[in-house]
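Novice: Following the hints, put chain B in place on chain A, whose structure we already have.
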Amino acid sequence: MRLRLERTPLGILALAAAGGLFFVLPLLGLLVRAPWPAAVSELTAPANLVSLQLSLLTSLSATALALVFGVPLAWVNARLDFPGRNLLRALVTLPMVLPPVVGGVALLLAFGRRGLLGPALAGLGIHLPFTTAGAVLAETFVAMPFLVVTVEAGLRSLDARFEDAARTLGAGRWYVLRRVTLPALLPSLLAGAVLCWARALGEFGATITFAGNFPGRTQTLPLAVYLELETSPDAAIMLSLALLLVSLLVLVGLRQRWLGAA
Amino acid sequence: MSLSARVGVQLGTLDLDLELEVADGELLAVLGPNGAGKTTLLRALAGLLPLQRGRVVLDGTVYEDVERGLRLAPERRACGVVFQDYLLFPHLSALENVAFGLRSRGVGRREARSRAAGWLERVGLGELVGARPAELSGGQAQRVALARALVTDPRLLLLDEPLSALDASLRPEVRRELVRHLAQFGGTRLVVTHDPLEAAALATRLLVVEQGRLVQSGTAAEVTAHPRSRYVADLVGVNLVRGQASGGVVRLAAGGSVAVADSIDGDVFAVIHPRAVALHRSRPEGTPRNVWQGEAAGVDLLGDRARVRVEGDLSLVAEVTPAAVAELALAAGGPVWMSVKATEVTVYAA
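Residue numbers (the numbering used here), protein chains in the order written: chain A, 1 to 262; chain B, 263 to 612.
These aren't lab readings, by the way, just hints derived from the structure by calculation.
Please note: incorrect hints may appear among the correct ones.
[What the hints assert, rightly or not] For each label pair, taking beta carbons as the anchor points, the in silico distance ranges come out as:
#1 97(A) / 314(B): 37 to 45 Å
#2 276(B) / 183(A): 26 to 34 Å
#3 277(B) / 81(A): 17 to 25 Å
#4 397(B) / 186(A): 16 to 24 Å
#5 281(B) / 116(A): 56 to 64 Å
Owing to the predicted nature of the structure, the values given are computational and were not obtained by experimental measurement.
Yeah, the Cβ is synthetic: ideal placement off N, Cα and C, and Gly gets one too.
Only chain B is shown next, with the shape it has when bound in the complex:
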């Protein structure tokens, strides 16, 4: 009992081809940058966008199978969707919004209303039954949207960027609330987001999607420990390079090499934490095995640290103290030397 899907959709420049399995009762997060195809994936699963290749099977029921020419209309799928900006019907009250899914399935007005009121109570909005969507705060609107999606007991709940429509200051609290409400719903859940914090807070397992393709999957800890794409590396805040390793040296596809302490061979990723990158104005002496030259291209101050972008054959971000930035006059740009100890480079198979 679960969701099993292969979604192949071509939409403009997006070529989405994803295979995913979500176990019964599991909450899976799909993480990816804007334009990765996350919303398209949700729309396809909900039936709002026909597949061009693949199939969608939920709890053994075939919702769509391109090869067999099968396709179930969205209104006949047991999918609840919480849309990115919630899409509460503006002309209906909160109660009528929640009751909508029951009414459309033929439940009588009185029963639909009392069940909807029950759900609003469950999400803590019992007093706002008569409010119009325009009168609700972002967090309240999200809870109404959640109640609206859950009132019909869907077997699959899809959430599209559930927190992105909210002010940043509201997010932590609404996220906590959402985690609590999602935990109450035992069905299969899939949330798409571009926010790694949101993904990690809501889900136990992540899929990282870029340009319509699966890049990486695993728990949040696994994904962040071993980034397999520039996107994840940037999210985690580390430098990521890829190349061919042999005999303790990784030869990079773009030219140049990185000396490493691991004895791994073959196609590998190498992660260099910015803290491990030391900067010098003249060629450093001493033991570091890795020394590269580049140009200081920009400085970001982050409290008591500074991140310096160095561009060259190998472009890296280095984390140094603001004092070092001043001492080496890094903000002015100019040539710099970077050094990294081989033992500071983490290497794993690509």
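So here's chain A without its partners, still in its complex pose:
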């Protein structure tokens, strides 16, 4: 450690310190400005509790959806060779770099009243935009890529010969999946699901565009933070801190348990 420090140019150290500070300062700002005496009452204000509850519901639902559809997608991407696979992989990960607002607009054009599937869905009595289901959909759209990418990497690093061994022991495809593949994939599944959930919890742009900002229906925590910054900044700060804490816990936990802290 000492030797490495000696070898590091001072300029690097200074710039690294500035870079680190850039991330620490905003956090510090939140902590300093937080209305600590009123912390509990701000967090447990009825409106905030509603947002919190809604956020938990929508982010967990989005994670569940991402698991149901994302794991098979990861499987297909990792294990099958078909024309257009690279395109599919690019499309699946697109929401990771796409501005979420654009995602929201695209969702409107697909599932909105006048979108591609809108009339068909309306015929079935399903209205997605500006509903809680719509918020779930928006969060899934933005967060699922994190799960797909993580699980796909997990599947690629899996030794497929264990599955071969299972097949020679009389196991059909589903049995192999259930008893061999999924247990071996568990760390990637957990990491992917947690990342996906954290991303869904913090989703803002796609949600507000596609689902709007209706308290109790589509106003999740990030939306409430944005709104209350105008009306009651103290509440906004406390909610921000709550979100930040969750994200930090997720990242630290993932690093130590699954991503290998070394």
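Specialist: Positioned in the frame of chain A, the structure of chain B alone reads:
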């Protein structure tokens, strides 16, 4: 009742085309260098790799027949496989590993567990039922893998390099154990290995495979007595050349000739034992009919003997005493003469 197969598979640079018959209850060893296609052969027999040509028939049941478009999935074949590094499921205990094949075939949990425990007992691991694979030694893992493969009463047992994952110091004992356990299983068995000792210890009949093709077959004694490839010759530690024999002289394909005492004619192999090769710094006088010139290219000391590689028109390995190496300064390289008596050359039809 037996295994009868012709396996044709093209995989990368490997072009595997092998025909093999294993009698009921026989243990056949397939011996070959790395990359010869041995593991590919096992995977194809187990159904993990589709055939491109040929067929696999076990005990009269057609497992695969390319011409007839027939193919049975691996899980529907009565094949037990012991993989090279055993591939025990790391998240399951030894007992659950062994019970896996029973559970996957619909045997109830309790019965599967008690039968698995019985097998672990048979391979001497009754006390390790709860151990995870990571807690087992190499030899123990191998026995668990064997029990796992045998618990479902397969009609064909396939073993891929069963000893290569073990430390060299453990191999003799584990080999003895394996011979004992394999003897208890009366079914058709096929073991692939690159280790001739392993092949000879486990099996009565060997197939030697190189680059996807059968090179030689027979008992270990037959194969080592009459090597038919450089690979086997190297394993046995003899010099092997091939050429056209007529009138007591073998003309080599690569040029040069070897005088022999046998009166055989036609395409032949000639084996020259390194002990029969004498080395000289100047052209020898006397009776040897075979005298070749070459360059000393390297010396390996093997206890009280030394093996000297001589390269030339005819490259041979000579076995001499360390004293001779010193006296002739062979380690320094330079030109040497090799002499071999015609009576020391063994010749047989190719």
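Novice: Would you mind marking each hint as holding or not holding in the structure?
Specialist: To see whether the hints hold, each was checked on the structure:
no., hint, result
1, 97(A) / 314(B): 37 to 45 Å, "holds (43 Å)"
2, 276(B) / 183(A): 26 to 34 Å, "holds (33 Å)"
3, 277(B) / 81(A): 17 to 25 Å, "holds (22 Å)"
4, 397(B) / 186(A): 16 to 24 Å, "holds (20 Å)"
5, 281(B) / 116(A): 56 to 64 Å, "holds (59 Å)"
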